[in-house]
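Undergrad: Starting from the given sequences, assemble the full structure and let the hints guide the process.
Chains as they are written, first to last, in the working numbering: chain P, -16 to 108; chain D, 12 to 255.
If you are wondering where the hints come from, they were derived from the structure by calculation, not from laboratory data. Keep in mind that a hint or two might mislead.
A short list of chain P residues far from chain D (calculated; beta carbon distances all over 10 Å) [to be verified]:
| hint | residue |
| --- | --- |
| 1 | R26 |
| 2 | A103 |
| 3 | D104 |
| 4 | D105 |
| 5 | L106 |
| 6 | G108 |
Label pairs and their computed distance ranges (CB to CB) [unchecked claim]:
| hint | chain 1 | residue 1 | chain 2 | residue 2 | range |
| --- | --- | --- | --- | --- | --- |
| 7 | P | R102 | D | L209 | 16 to 26 Å |
| 8 | P | N93 | D | W34 | 48 to 58 Å |
| 9 | P | G(-4) | D | G96 | 36 to 46 Å |
| 10 | P | D99 | D | L41 | 36 to 46 Å |
| 11 | P | D99 | D | G164 | 23 to 33 Å |
| 12 | D | I194 | P | N94 | 25 to 35 Å |
| 13 | D | P186 | P | N93 | 44 to 54 Å |
| 14 | P | T(-1) | D | H198 | 42 to 52 Å |
| 15 | D | A109 | P | L106 | 19 to 29 Å |
| 16 | P | K107 | D | I194 | 28 to 38 Å |
| 17 | P | R102 | D | A140 | 35 to 45 Å |
| 18 | P | N94 | D | N33 | 54 to 64 Å |
All residues carry an ideal CB built from backbone N, CA and C; glycine is no exception.
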Amino acid sequence: MNIVVASAVPLLGLITEPVSVAHYLVVGAILFVSGVVCMAMKRNALGVLMGIELVLNGANVNFVAFASPYLQGEGSRSLGLDGQVIALFVILLAAAEAAVALAITLNFYNNHATVDVDRADDLKG
Amino acid sequence: MSALPMIAGALIAAPLPVAAINWHSLFFLLFASVSCGFAVAVVAADNVVRMAFYLVLSLGATAGLFFLAGAEFLGAMQLMIYVGGTLVLLVFGVMLTAQAPLVAIKGSGRDRVLAGIVGVALLALLLQAAFSVKPWRAPAAGVVAEPAATPIGMSLVGVRVDEPAVGAPAANKRPGYMLPFEIVSIHLLVVLVGAAYLARAKRRKVPRAIEVAASVEPPASVAEHASIGRERHRSGSVLAGGRP
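TA: Shown next as structure tokens:
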């Protein structure tokens, strides 16, 4: 029991201490790495698309964290509105990218009757 | 998964008054764990329908993180555009291509091991970078965020209402986002036209059913009917040709 409590004390700090930018950066890093691994590993074209969404979302978390007025330290200046507007643009471009990529995927499915990206080797030399 | 019972046990064992709990941190922990957990679940799942569902949960929890960071307009946009728009689009894609053998395409085991190694290495690198952001670690107390919707809207038409007033030193002034806004607008228009062009239904000269019927050898009775029809047609044309 003592060992469990001792190992849980650092976790307890997560609840009692205020959140900092580093917390957000950790979340962004995990989302980014999940997205990269998803893009590299999935063979379904839609899975690759979902990986791209995760990567863009991880970048957005970082932008919002650096823009947040709650998280800036004493004397330092946050990105302020710039970070939020950039994150907004990222969301819009992600929507556009998803629309085009989905259209390409549907076209590929119509022509090849599969969404396996390993089968998309018509242009391979 | 084992973290929650451990925290609960610590709460019981250690004398932790409720007043000591930082609710902002608690909700951050909640949203962050949901977001990261379901992001990992997206990678781990093989079924593409489940992946789409996990992605919805992950991005929704990320919107919660945005709210906690004081970016309420961005959180709303995340819910509306990402969760409400992009993911519905993705789910439609999943539905349109979800043939039984395509729902769960599995990679080879070697790929998984390789991807795991690369992922852990990249994560270690990024975490080291994240924890080295020292100057940002002391949060200012008592800060109340301004509502961000109006400043964002004004900055998109080129006016910065959140910046130092007129007469401030020029180094503190930044321009608005008129030009990026226009570029993104044109970009979205082009993308929508392009997506509609790419995904449109192809018009064939010959309808597919007739084409298939023509390529298949017709049964005897059908062939007989066809020959009779052809004969009639020929005789008809002869008659027509015989007419003055």
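Undergrad: Tell me, which hint numbers fail for this structure?
TA: 1 and 11
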